[in-house]
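Asker: Residue strings, one per chain:
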Amino acid sequence: MRARPYPFLITGLAAILGIAGAGCENMPEDAKGGPESQFLTSQAKMLAAGDFLSSSSLLPLSQGATWHMLYHPLPHTPRQSIKDTSIDIRVASVNANIPGVGKGALLEVRRDGNLWRREVYQVTPTDLSLLAVAEENRPYMVYTPAIPLLHYPAQEGWSRAWNGRFSYKGHTFPANALSRITTTDSIYRPDGTTTEAYRVDTLIIAHIGADEVNFPTIRWLAPGTGFIQRGFIEHGRLCIAALSRIEQQGKPTRPTKP
Amino acid sequence: MRPSFGDMPAPFRLVSALFAVTAALTIFIGIRADHQGQWLPSVPDSIDQIWTAIDMPIDHLTLARLGHPRALGRQYGNLFQEHVGVNVIAAASIDAFHEPTICMAGYGYSLTAQKYIPLFGPDKPIRAMILRSDTTGQRILLYYWVQDQFGKTTTQSSFRAYQEYGYRLRHGLNATINGRQSCIVRVYTAIRPADLLGRQARRNLDTVSHALYEALRRDNGIGVNPSREEMIP
Numbered sequence: 001m002r003a004r005p006y007p008f009l010i011t012g013l014a015a016i017l018g019i020a021g022a023g024c025e026n027m028p029e030d031a032k033g034g035p036e037s038q039f040l041t042s043q044a045k046m047l048a049a050g051d052f053l054s055s056s057s058l059l060p061l062s063q064g065a066t067w068h069m070l071y072h073p074l075p076h077t078p079r080q081s082i083k084d085t086s087i088d089i090r091v092a093s094v095n096a097n098i099p100g101v102g103k104g105a106l107l108e109v110r111r112d113g114n115l116w117r118r119e120v121y122q123v124t125p126t127d128l129s130l131l132a133v134a135e136e137n138r139p140y141m142v143y144t145p146a147i148p149l150l151h152y153p154a155q156e157g158w159s160r161a162w163n164g165r166f167s168y169k170g171h172t173f174p175a176n177a178l179s180r181i182t183t184t185d186s187i188y189r190p191d192g193t194t195t196e197a198y199r200v201d202t203l204i205i206a207h208i209g210a211d212e213v214n215f216p217t218i219r220w221l222a223p224g225t226g227f228i229q230r231g232f233i234e235h236g237r238l239c240i241a242a243l244s245r246i247e248q249q250g251k252p253t254r255p256t257k258p
Numbered sequence: 001m002r003p004s005f006g007d008m009p010a011p012f013r014l015v016s017a018l019f020a021v022t023a024a025l026t027i028f029i030g031i032r033a034d035h036q037g038q039w040l041p042s043v044p045d046s047i048d049q050i051w052t053a054i055d056m057p058i059d060h061l062t063l064a065r066l067g068h069p070r071a072l073g074r075q076y077g078n079l080f081q082e083h084v085g086v087n088v089i090a091a092a093s094i095d096a097f098h099e100p101t102i103c104m105a106g107y108g109y110s111l112t113a114q115k116y117i118p119l120f121g122p123d124k125p126i127r128a129m130i131l132r133s134d135t136t137g138q139r140i141l142l143y144y145w146v147q148d149q150f151g152k153t154t155t156q157s158s159f160r161a162y163q164e165y166g167y168r169l170r171h172g173l174n175a176t177i178n179g180r181q182s183c184i185v186r187v188y189t190a191i192r193p194a195d196l197l198g199r200q201a202r203r204n205l206d207t208v209s210h211a212l213y214e215a216l217r218r219d220n221g222i223g224v225n226p227s228r229e230e231m232i233p
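Chains as they are written, first to last, in the numbering used here: chain A, 1 to 258; chain H, 1 to 233.
With the rest of the complex left out, here is chain H:
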């Protein structure tokens, strides 16, 4: 006669059930997170006939720190030799969500200003930052947002430190329960000394960011998840 679950002593039944639930959740989260991290949309090669892109792959060490996600790096340039750097990183794991101010602090840049701007619409914020070099005074304007396949953006402003496990857990659960594929986008440029209040740098970033946003929204991961196709306008 085969032993049944009910024949087990009560404490073992509880432990077994906990193990089973944990295993199921682990598999579920792994599959969802892996699925979510497969979306890496294509981005435009040129924008408004003014900006043209060259590939600037993210270096291996950075990718290793981000958990080896699918990622692309581009640099857009115009005739005035102004450059806008772009990183698009598939949100495959919590490791991929790296706080940009921590990255830049390693290069000697400090955060001197930050605003949340509804760049793509009322409910579509981005996080805009000014980072100033502690030694040269050079300023970097950086836009950061996370965009899902339906065009919704978040800024993940809570990831301030590695130790904030509560926030990391929340994000992981959101990712797996919502099941939406997302990309982390960073767009940045140096503010030239003659650009006294950074308005031209902002216009440059706005132009490139809007083009990226639209490219990601159009791509929307249909190739990965065809069942969502009917939801795309």
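Bound-form chain A, shown alone:
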């Protein structure tokens, strides 16, 4: 009888292909997660609904309002040349018209009673932006356009890159910046309770010739309170200003039109 290998060949080949699962997609196994699965599942916190919907609730600005803060380097860092001091952030004007800068809310930062910084913010119903900063009584460093720090409704993970100009003493340089709501932190209030606040990280880099000048800042903003904590870099170290008392005076700010 004559041998017929071809049907056997085809059958054998089909069996090999079938066993190997040819043509089927590899579906992933059901993952168990593992002991550190929280790193893959943790979700961003949403602060209380309504509390973060507008600028007036997350950074309430009213004429004369003052955040009194205690300023100190972070623990476990060398403290030489940095003393624990008091810092007061006062809303000097809600709608200041500053020559060479523009219109915005002017905040004065005093350290042990002495003028240390001035900051000019543009506040609109949807955005909080930084327009200018000055150290002590020096001229303003003006950012054109204003650097967005926050977009409302605020949400952890929001970030915005900025490319613009940095002007100081009549000179203009290219600059770029990145601002981001990096996380929500539990921050101690003066009464000992904790509150959730958005941590807004901002880094501004001015390109002055071949040099880069960095201006890093961290702002913790709590709904209804505003600045509950701030971070400044001093002598290369992170220093924290923590809210000790807040004075709200006058009437709340009315956001300016964009």
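Source of the hints: derived by calculation from the structure; they are not laboratory data. Just so you know, even glycine gets a beta-carbon here, dropped at the ideal spot from N, CA and C. It cannot be assumed that every hint is accurate.
As the list claims (entries may be wrong) - Label-pair ranges, simulated between beta-carbon atoms:
#1 H:S42 with A:M46: 17 to 25 Å
#2 H:S133 with A:T41: 16 to 24 Å
#3 H:D95 with A:M46: 40 to 48 Å
#4 A:P125 with H:P193: 34 to 42 Å
#5 A:N97 with H:H210: 38 to 46 Å
#6 A:G164 with H:E214: 22 to 30 Å
#7 H:S46 with A:P125: 24 to 32 Å
#8 A:T124 with H:P193: 29 to 37 Å
#9 H:E214 with A:A44: 19 to 27 Å
#10 A:R165 with H:D95: 19 to 27 Å
Could you slot chain H onto chain A? The hints should help.
Answerer: Just chain H, lined up with the frame of chain A:
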């Protein structure tokens, strides 16, 4: 008179036929696998004006271990000095499918968490892993997926060990029978100590991964395989 196939004794006919089929299959698989491994799409130089890339080529020893596939390495960085590493490797051979946890074990990292996440859509999973250094405690977040030229992703989760020849054979047959060109993508970043639950690291990886996915989907290998062009939306 020329001898014909039918003149051969039956056992030799069977052996000859087997040889012929094997040779044909070898040529077919070689051509398909080689064709499949030609696709190495371009990836974006910057993402959302926040991330900019520099070239970080994969080292020669690693490429040799992967069978010298076409590959590119990039590192995306932002102003906060956060970095996301990217490897895109053309799926030229089974050797290119290297289990990432085995690679990282060599550097002293252990797998401590793993999830399959439909990052790009319901049927488009990726494999997300947390790898922790046994000595320093530093954690690496790693995304791994294989993307074909039509945007479909798989995770090849079965490649757990070199000895699993059945899985390797299945993959090779899938590659050659489906004939789709694929790239293996690894995206990874270190989780900073201040990033307590790794949410920022995940956002960074999600952003870069979505940009890569879209870049690969847009590229879709048209330059290599024009006949597929009409299938691309």
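Asker: Each of the hints needs a verdict: does it hold here or not?
Answerer: Results for each hint:
1. The hinted window of 17 to 25 Å between H:S42 and A:M46 is violated, with their beta carbons roughly 38 Å apart.
2. Distance hint check for H:S133 and A:T41: the Cβ-Cβ separation is about 21 Å, which falls inside the suggested range of 16 to 24 Å.
3. The hint said 40 to 48 Å for the Cβ distance between H:D95 and A:M46, and at roughly 46 Å that hint holds.
4. Restraint check, A:P125 to H:P193: a C-beta distance of roughly 37 Å satisfies the suggested window 34 to 42 Å.
5. At about 43 Å, the CB distance of A:N97 to H:H210 agrees with the hint of 38 to 46 Å.
6. In this structure, A:G164 and H:E214 meet the distance hint of 22 to 30 Å, their C-beta atoms being roughly 28 Å apart.
7. Between H:S46 and A:P125, the C-beta spacing of about 31 Å keeps the proposed range 24 to 32 Å intact.
8. At about 36 Å, the CB distance of A:T124 to H:P193 agrees with the hint of 29 to 37 Å.
9. Take H:E214 and A:A44: their Cβ atoms lie about 23 Å apart, and the range 19 to 27 Å holds.
10. The beta-carbon spacing between A:R165 and H:D95, approximately 52 Å, falls outside the hinted interval of 19 to 27 Å.
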